[in-house]
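Q: Read off the chains here:
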Amino acid sequence: MIIVGVPRALLYYYYFPFWKTFLESCGAKVILSPPTNKRLLEKGLELAESEICLPVKVFLGHVQSLISQVDFVLVPRVVKPERRSYSCPKLLGLPDMVKTLLPSPSALLFPLQDRDRKKEMAEEWFEVARKLKGLSFWKFKRAYWEALKAQKKAEKEKKRDFYPRNGGLKIGLVGHPYILNDTYITHSLVKRLRERGVYVYLSEEVESSQIRKATRKLPKPIFWSYEKELVGSALFWIQNKLIDGLIMVYSFGCGPDSLTQVLLETEAFKYGELPFLNLVFDEHTSEAGLLTRLEAFLDMLAWRKLNAS
Amino acid sequence: MDVYLGVDVGSVSTNLVLLDDEGEVITYEYLRTQGQPIRAVQEGLKRIYSRLSSNLVVKGCGSTGSARFLTAAVIGADVVKNEIISHALAALKFEPQVRTIFEIGGQDSKVTFLKDQVVVDFAMNTICAAGTGSFLDHQAARLGLPIESFSELALKAKKGVQIAGRCTVFAESDMIHRQQTGYPLEEIVYGLCQALVRNYLNNLLKGKPVNPPVVFQGGVAANKGMRRAFEEALGFPVVVPPYFNVMGAIGVALLTRTYIQKTGKDTNFKGFEIVDFAYATESFYCDGCSNNCEIAEIRQGKKILARWGSRCGKWEMGNLEESQVFSFL
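These protein sequence lines are chains P and E, in that order. If you read the first sequence in the numbering used here, its first letter stands for residue -13, the second for the next number, and so on. If you read the second sequence in the numbering used here, its first letter stands for residue 1258, the second for the next number, and so on.
Take the hints with a grain of salt, since some may be wrong.
Claimed, not checked - Simulated pairs of lysine to aspartate or glutamate, DMTMM-like, Cα-Cα distance not exceeding 20 Å:
{"#": "1", "chain 1": "P", "residue 1": "K142", "chain 2": "P", "residue 2": "E193"}
{"#": "2", "chain 1": "P", "residue 1": "K29", "chain 2": "E", "residue 2": "D1544"}
{"#": "3", "chain 1": "E", "residue 1": "K1571", "chain 2": "P", "residue 2": "E273"}
{"#": "4", "chain 1": "E", "residue 1": "K1372", "chain 2": "P", "residue 2": "E259"}
{"#": "5", "chain 1": "E", "residue 1": "K1465", "chain 2": "P", "residue 2": "E253"}
{"#": "6", "chain 1": "E", "residue 1": "K1571", "chain 2": "P", "residue 2": "E181"}
{"#": "7", "chain 1": "P", "residue 1": "K177", "chain 2": "E", "residue 2": "E1578"}
{"#": "8", "chain 1": "P", "residue 1": "K156", "chain 2": "P", "residue 2": "E281"}
{"#": "9", "chain 1": "P", "residue 1": "K29", "chain 2": "E", "residue 2": "E1551"}
{"#": "10", "chain 1": "P", "residue 1": "K76", "chain 2": "P", "residue 2": "E37"}
Stated by the list, open to error - A short, non-exhaustive set of chain P residues, derived as facing chain E with CB atoms under 10 Å:
{"#": "11", "residue": "S174"}
{"#": "12", "residue": "N264"}
{"#": "13", "residue": "E273"}
{"#": "14", "residue": "G275"}
{"#": "15", "residue": "L277"}
{"#": "16", "residue": "F283"}
{"#": "17", "residue": "W289"}
Quick caveat, the hints were computed from the structure, so don't treat them as lab data. The C-beta atom is built at its ideal place from N, Cα and C for all residues, glycine as well.
Could you put the whole structure together from the sequences, leaning on the hints where they help?
A: And the structure:
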């Protein structure tokens, strides 16, 4: 049986349902790299070019850890996650980066994902199916369709209703899923907040219609899809007064987020001087800086609330 | 007399204060941490003890600063609180109407906004420590000036020369360039202050309005050139409080005082004897999983006081949580 490895990093946190369903329909066995740990990160740092952002470095570590145990590693080229809006430049170039930096490029599968080029996308995934087992065109079509459906379903399941609620602090956590879900990079930020009794709201839980509505008033549309989701979800919480504070989590060296962060900080201030905290993650292993900021932020929210009541 | 002890151990300086029952400062000590926080705390306590009359009773003690947990383990702190809240509480004591606090320390800089005596927003430098005390120290040393005369020199300048403040590496090469082309030293020094202030305002404030009164505190507030540059940039005076360099310690001592007075609890303070104890710190790698966490351990003789550093929590020991004392404010 052919084994395909999927790095548990970056776009895994968006598209795994699609990838897994498709690969398994092609008769492949899918294995994941382990959750990020020190060894993976160190490997990634060794491989990567120093200027690149941390999540890409982590990703390279994950690919490296898979390479010896699988027949293929899946690194799709995600160009347009939705129509007319792009994924970030480093993600666009991800397959090329992996090809250059890792020793056995023949073991890579890098099909296209692009909402504006559906035909080419399907062709490239058909290519993958052929490499794996040689599915007939009709079987491929069915597998592909099932995979897209699984993806849609998984995305829908993440959405939830937000409504004003009393008691407890409510914090909107803005950040790419590949950072927020990586407990190693973020020192279990989400868990820490929840343990403190904070209601944590995540961008991926917000309906896309709400995101579209919330970003309508911006002077111009946001160029990158993932950033649009981050900004839109945050604006949705801010405009509807659903949160007590906003935390933006991003990695040092992230180009798009260096812009969205300023935009959000300004918007949060405009709407009732909503407290805003920036948390920047890089290769630091010490959590002291994170803890100080987090403690102070929670204290401040509690203090404000105490004063208001 | 009942007193309250506050200890602030930061990257560069270690500060201790004693407050009386009314929250007034009896005495304080400011010394350099020099990479050895425990020794700095012991030395500070020793100096304070030597000045005390024997009828003082420590009713409570608190710790803050980046080494607050370590300090708590050593002194037996009743209250552990982060430096942002501590600094705000101290600023409120000296300037009850304060709206904005500029705080520049050894390796961090922050701005805190207040409204109706409550912290409503703050920002802290992110990854880069450009423009903090360490950099000024370094530049003073490079020019062969004690940091005190560096500050005086900046006041003598008629104007500052343009220096890039975005990054300390660029700032330094800019300064050298100016110096090699014959600009007077005081103008370069003041130019540096202006660059740091510009960097501070751009990086932390992000266009948010600065409302007076502004309190400027932290070790760098001793630098008159920085104060002048802030006042010129803002167009109104900034207040440097009397104990500007030990405000964190004052803040946590105030919080401790309130906490002890309201709960009537007995202090955990281990007493001034600790200045003679031998502490050892050790670290080792845990090989329980592929994270290979580095565990730090603090011991007093054979007794383990605290241990931390593991991601899964299996080695953690001692006080690792901040005190939840907000209902006492």
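Q: For each hint, tell me whether it holds in the structure or not.
A: Verification of the hints:
1. The suggested pairing of K142/P with E193/P holds, with an alpha-carbon distance near 8 Å, which does not exceed 20 Å.
2. A threshold of 20 Å between alpha carbons decides the hint, and for K29/P with D1544/E the separation of about 18 Å falls inside it, so the pair holds.
3. Under the criterion of a C-alpha separation no larger than 20 Å, the hint pairing K1571/E with E273/P is consistent with the structure, at around 16 Å.
4. Taken as a hint, the K1372/E and E259/P pair is honoured in the structure, with Cα atoms around 11 Å apart against an allowance of 20 Å.
5. Of the supplied pair hints, the one linking K1465/E and E253/P holds, its CA atoms being roughly 11 Å apart against a limit of 20 Å.
6. A hinted pair counts as satisfied when its Cα atoms are at most 20 Å apart, and K1571/E with E181/P qualifies at roughly 17 Å.
7. Between K177/P and E1578/E, the direct Cα distance comes to roughly 15 Å. Compliance with the 20 Å bound is thereby established for this hinted pair.
8. Using a Cα cut-off of 20 Å, the hinted pair K156/P and E281/P holds, with the two alpha carbons roughly 15 Å apart.
9. A C-alpha spacing of about 18 Å is found between K29/P and E1551/E, which places the hinted pair at or below 20 Å, so the restraint holds.
10. The hinted pair formed by K76/P and E37/P meets the criterion: a straight-line CA distance of about 11 Å does not exceed 20 Å.
11. With 10 Å as the threshold, the beta carbon of S174/P comes within range of chain E, its nearest partner Cβ sitting at about 8 Å, so the hint holds.
12. For N264/P, the shortest C-beta to C-beta distance to chain E is roughly 6 Å, which falls under 10 Å, so the interface hint holds.
13. Hint status for E273/P relative to chain E: holds, with the closest Cβ pair at about 9 Å, below 10 Å.
14. Residue-level restraint check for G275/P holds (minimum Cβ-Cβ distance to chain E is 8 Å; threshold 10 Å).
15. Using the Cβ-Cβ criterion of 10 Å, the hint placing L277/P at the interface with chain E is satisfied: the shortest such distance is roughly 8 Å.
16. Residue-level restraint check for F283/P holds (minimum Cβ-Cβ distance to chain E is 8 Å; threshold 10 Å).
17. Here the hint on W289/P is kept, as its CB sits about 5 Å from the closest CB of chain E, short of 10 Å.
The structure fails none of the hints (numbered hints given earlier).
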